[in-house]
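Number of protein chains: 2
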Amino acid sequence: MAKKRSETMQENRAKLIAAARKAFADKGYADAAMDDLTAQAGLTRGALYHNFGDKRGLFAAVVNQIDSEMAARAKERAACEPDEWRSLLREGIAYIEMALDPEVQRIVLLDGPAVLGDPSTWPSQDNCLQVTKQAVEKLIEKGITKPLDAEAAARLLSGASLNAALWVAASDDAETVLPKAIEAFCAMASGILAPERSFASADQP
Amino acid sequence: MAKKRSETMQENRAKLIAAARKAFADKGYADAAMDDLTAQAGLTRGALYHNFGDKRGLFAAVVNQIDSEMAARAKERAACEPDEWRSLLREGIAYIEMALDPEVQRIVLLDGPAVLGDPSTWPSQDNCLQVTKQAVEKLIEKGITKPLDAEAAARLLSGASLNAALWVAASDDAETVLPKAIEAFCAMASGILAPERSFASADQP
DNA sequence: ATATCCACATACGCTGCGTATGTCAAATTG
DNA sequence: CAATTTGACATACGCAGCGTATGTGGATAT
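Protein sequences appear in the order of chains A and B. Just so you know, the numbering used here puts 171 at position 57 of the first sequence, and the rest follows in order with no gaps. Just so you know, the numbering used here puts 186 at position 72 of the second sequence, and the rest follows in order with no gaps.
Don't read these hints as lab results, they were simulated from the structure. There's no promise every hint is true.
One copy or two, either will do: identical chains are not told apart, so a pair holds if it fits within one copy or between any two.
Calculated cross-link-like contacts (lysine-lysine; reagent style BS3-like; alpha-carbon spacing at most 30 Å) [to be verified]:
id: 1; residue 1: K256; residue 2: K189
id: 2; residue 1: K252; residue 2: K294
id: 3; residue 1: K136; residue 2: K169
id: 4; residue 1: K136; residue 2: K118
Produce the entire structure from the sequences given, and follow the hints as far as they go.
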């Protein structure tokens with residue numbers, strides 16, 4: 115018996131997303147021609163419009179995939195740290211490091227907002243944010259950090275780290291700039307610590 | 115005597131930039147048709163290509179104008195504060211507030227990075243950053259803040275504030291979210307203060 | 001085994017960017 | 001001041017690429 119219908123459909127979706135991910139990262143959203151990337155996947159534009167509706171739909175699927183990977187990686191990194199404050203710092207540092215990946219830069223940080231609108235409105239990016247937000251909430255409960263709005267703090271932390279990463283990536287020598295960025299990030303992050311703690315734990319892990 | 119040549123040229127450039135600014139803010143970069151916006155300015159695409167080279171060139175000119183206005187406004191706001199630390203906070207808050215302007219959001223924050231690349235590579239955005247960087251440098255000299263890399267700190271501060279602003283703008287009720295964002299921003303900013311100062315001056319102005 | 005369906009391919013039109021060419025008024029020259 | 005040149009902008013054209021409407025063959029249903 116030949117392959118089942120729904121099975122090949124999933125395969126084709128995956129092929130298209132993979133090809134699109136490469137094309138979008140390589141050429142940017144605007145300059146990625148759909149004829150090219152579908153051909154790359156051994157298909158035509160027909161498959162694409164059937165599965166994803168339009169170019170934006172395909173792009174959204176790609177962003178979704180990358181965001182999921184990012185959230186997973188951030189969580190994984192955070193889990194390695196002993197206490198929750200260091201976990202949060204690690205998470206931020208993880209975002210900085212991930213944003214050094216050209217694929218992440220081009221697709222998520224540069225083209226993403228233009229094509230899909232503000233990141234806070236994407237369900238996928240929200241996953242990334244939820245990871246951070248939950249970490250902040252725990253810290254607030256325990257009195258380790260100031261009683262700020264958890265979402266506000268989470269957004270500022272991720273925003274700062276992603277922005278720092280773009281800067282590092284654009285600089286000539288990432289090697290020397292990256293530690294500066296991480297140091298500044300840890301310093302700023304320590305600003306949300308509750309006063310009595312800010313001396314002991316402000317250092318980076 | 116009729117108008118001088120260079121004079122009308124400047125007028126036309128200004129007309130095009132004004133029309134483009136409105137169109138880009140309204141429709142977004144991709145959906146703004148150049149035939150439309152040139153007609154709006156009482157001209158044709160010929161004028162546009164002659165003056166700005168291509169669509170990106172016109173967009174860059176628009177971004178340049180907006181960024182100049184933003185830097186001026188930030189500086190102006192900062193100048194009203196008595197001490198330099200409060201100046202810096204005011205500056206950050208000013209960015210948050212400016213980013214609530216739909217024109218700034220769409221053109222500078224959403225489309226800008228996709229069309230022109232990472233903001234840190236634009237000369238205009240660099241102006242905004244220089245304002246903050248200089249403020250940070252002064253604070254470091256005086257020992258008010260930790261001896262971090264000034265550029266790193268400046269980028270993190272502006273990144274955090276702009277990101278926060280996007281969040282506020284995307285939220286349903288900006289009225290209640292804005293103060294939370296500002297509070298969190300001030301908290302995080304206080305993280306770059308030197309230890310012996312962090313209690314006294316961490317509050318927002 | 002025949003009929004139905006649907007995932008995808010093929011074919012078409014339309015929009016919109018960029019360029020090549022034309023034109024007329026302002027500037028230059030003697 | 002007339003003749004000539006310049007250049008800012010308009011006009012006309014070609015082409016790429018998106019979205020849609022229609023066609024088709026193989027899997028599923030009966």
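Here is how each hint holds up against the structure:
1. In this assembly of identical chains, K256 and K189 lie within 30 Å of each other by CA distance solely inside one copy; the values are 20 Å within and 39 Å between copies.
2. Taking the closest pair of Cα atoms, K252 and K294 come within 30 Å of each other both inside a single copy (28 Å) and across two copies (18 Å).
3. Taking CA atoms no more than 30 Å apart as the test, K136 paired with K169 passes in both settings, with 14 Å inside one copy and 26 Å between copies.
4. Taking identical chains as interchangeable, the C-alpha atoms of K136 and K118 lie at most 30 Å apart only when both belong to the same chain, with a minimum of 28 Å there against 52 Å between chains.
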